[in-house]
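**Student:** Sequence:
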Amino acid sequence: MMRLARRLAWLAVGAALAACAPATRLAPASTASPVGALRFIGEQRVAHQAMFRDTMLGGFSGLDYDAARGRWVVESDDRCTHNPARYYEAELDFDASAFRAVRFSGLHYFLNADGKDFTATATACTRADVESIRIDPLDGSMWYSSEGDRRYGLDPFIRHATRDGALLAELPLPENFRVHQGEERGSRYNATFEGLAFAPDGRSLWASLEWPLYEDGPIATTQHGAVLRMTQFQRDGQVLRQFAYPLDAIPAEPGPGKEAENGVSEILALPDGELLVLERATVQDAAGAYTNYVRLYATDGRGASDVKALPGLAGAQYTPVRKRLVHDFSKQPVPRAHNLEAMSFGPRLSNGHATLVFASDDNFGKGQVTQFLLFEVLP
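Numbering of the sequence shown is given in our numbering, commencing with residue 1369 and proceeding in unit increments.
Certain hints may be false.
[As the list claims (entries may be wrong)] Think about it this way: if two alpha-carbon atoms lie no more than 27 Å apart in a straight line, the pair counts; the simulated DSS-like pairs of lysine-lysine are: (1) Lys1699 x Lys1734; (2) Lys1676 x Lys1699; (3) Lys1626 x Lys1484; (4) Lys1699 x Lys1626.
[Said to hold, decoys possible] Restraint-style ranges between C-beta atoms, simulated for each label pair: (5) Arg1437 x Ala1415: 52 to 60 Å; (6) Pro1747 x His1592: 30 to 38 Å; (7) Ala1481 x Lys1734: 30 to 38 Å; (8) Pro1679 x Asp1422: 42 to 50 Å; (9) Phe1420 x Pro1679: 39 to 47 Å; (10) Pro1639 x His1592: 39 to 47 Å; (11) Arg1704 x Thr1589: 19 to 27 Å; (12) Gly1410 x Tyr1686: 37 to 45 Å; (13) Asn1719 x Arg1519: 31 to 39 Å; (14) Arg1437 x Phe1408: 21 to 29 Å; (15) Gly1605 x Gly1410: 38 to 46 Å; (16) Gly1641 x Asp1604: 13 to 21 Å.
FYI, nobody ran anything at the bench for these hints, they're computed from the structure.
Even for Gly, the Cβ is constructed at its ideal location relative to N, Cα and C.
Could you build all of it, start to finish, from the sequences and the hints given here?
**Tutor:** This is the structure:
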């Protein structure tokens, strides 16, 4: 009862904030254009194990632009391997001709209901496998998502917080998104809320799974794709709509006995109500090295079924959302795309076109790279 009362109190705080949010705050103007194609401008990298304010930079799996402050927020999915779960403030120096620098300027920790960070204990930090972060377009607060941890029976979550990381609310989740240890139902390990995006009006937000729920069928292989759910939540957690997204097959064979996967790593909402979807495949070769295959799609939900009432998609009758390839990172004259997990629109260029920035998660591994890729959006 105490846990339920505390959650209801958080939701009340979040609702009150939304009700009194200043109506004059605007989302970044860069979200106002459809996405036709991308033009590469430049790349910046962060050195392996670089430090900022006694924390290790890396594990970047969430990125967003705060137009009101002219700053970026960059989230690390560090599960206390090096430091508590956190996000950074940064400045990205670029124009239409060059991407000159990424400068980190601030640091904040995600906080629990008791006001404490996710400092490592026997199990505590596993609650914060944070994978996406978004600035609230109505009041400038912050929302973030976690994949939870199936090994410890910890559910994924979507939380609302102040810009200092203090917890305001946690959305109630549909039962089929929860973890069921010892059973093949609900969320798979490390493959739940990988993407988060506000609708353009700020009144609702979308969340994407990385892989299918157990009830929705098998994960992608090199022979076949998969189907996963995209869910539109009201700000109080009510599910408004849910559609099935067809995930590509893994585009290359792994080495003998090696790993390969494909999943959705981030999403953005477009002004017409559709989504930009970042698919990121990882394939390990015979020597153990990993190659990433990254593609950006735009969805078209006209005619797609609302599947929120379906307990499972496997064997069910429904119409999935359609998708259009916007950019294949492996077939363009740009630097090699690494483990891209973060994506955000940025400020407009002098010609009025939007910008789109991607960031990679190096998993704090010596053989991986932390990169930022900058593109101009061609309508």
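**Student:** Measuring from beta carbon to beta carbon, are Pro1747 and His1592 in 30 to 38 Å?
**Tutor:** About 34 Å separates the Cβ atoms of Pro1747 and His1592, which means 30 to 38 Å holds.
**Student:** Does the hinted range 52 to 60 Å hold for Arg1437 and Ala1415 at CB?
**Tutor:** violated (26 Å)
**Student:** Taking the CB of Ala1481 and the CB of Lys1734, does the distance hold inside 30 to 38 Å?
**Tutor:** holds (36 Å)
**Student:** Against the range 39 to 47 Å, how does the distance between the Cβ atoms of Pro1639 and His1592 compare: consistent or not?
**Tutor:** violated (33 Å)
**Student:** Between Asn1719 and Arg1519, does the C-beta distance stay in 31 to 39 Å?
**Tutor:** Distance hint for Asn1719, Arg1519 is violated at roughly 49 Å.
**Student:** Within 27 Å, alpha carbon to alpha carbon, are Lys1699 and Lys1626?
**Tutor:** holds (24 Å)
**Student:** For the pair Arg1704 and Thr1589, does the Cβ-Cβ distance stay inside 19 to 27 Å?
**Tutor:** Holds: the Cβ-Cβ distance is about 24 Å, inside 19 to 27 Å.
**Student:** A range of 21 to 29 Å was offered for this pair. Does it hold for the Cβ distance of Arg1437 and Phe1408?
**Tutor:** Distance hint for Arg1437, Phe1408 holds at roughly 27 Å.
**Student:** Could you say whether the range 42 to 50 Å given as a hint is met by the Cβ separation of Pro1679 and Asp1422?
**Tutor:** holds (47 Å)
**Student:** Does the beta carbon distance between Gly1605 and Gly1410 stay inside 38 to 46 Å, or does it fall outside?
**Tutor:** This hint holds: roughly 39 Å between Cβ atoms.
**Student:** Can you tell me whether the CB distance of Gly1641 to Asp1604 sits inside 13 to 21 Å?
**Tutor:** Check passed, 20 Å falls within 13 to 21 Å.
**Student:** Note whether the CB distance of Gly1410 and Tyr1686 lies within 37 to 45 Å or breaks it.
**Tutor:** holds (42 Å)
Hint check: violations occur at hints 2, 3, 5, 10, 13; the rest are consistent with the structure.
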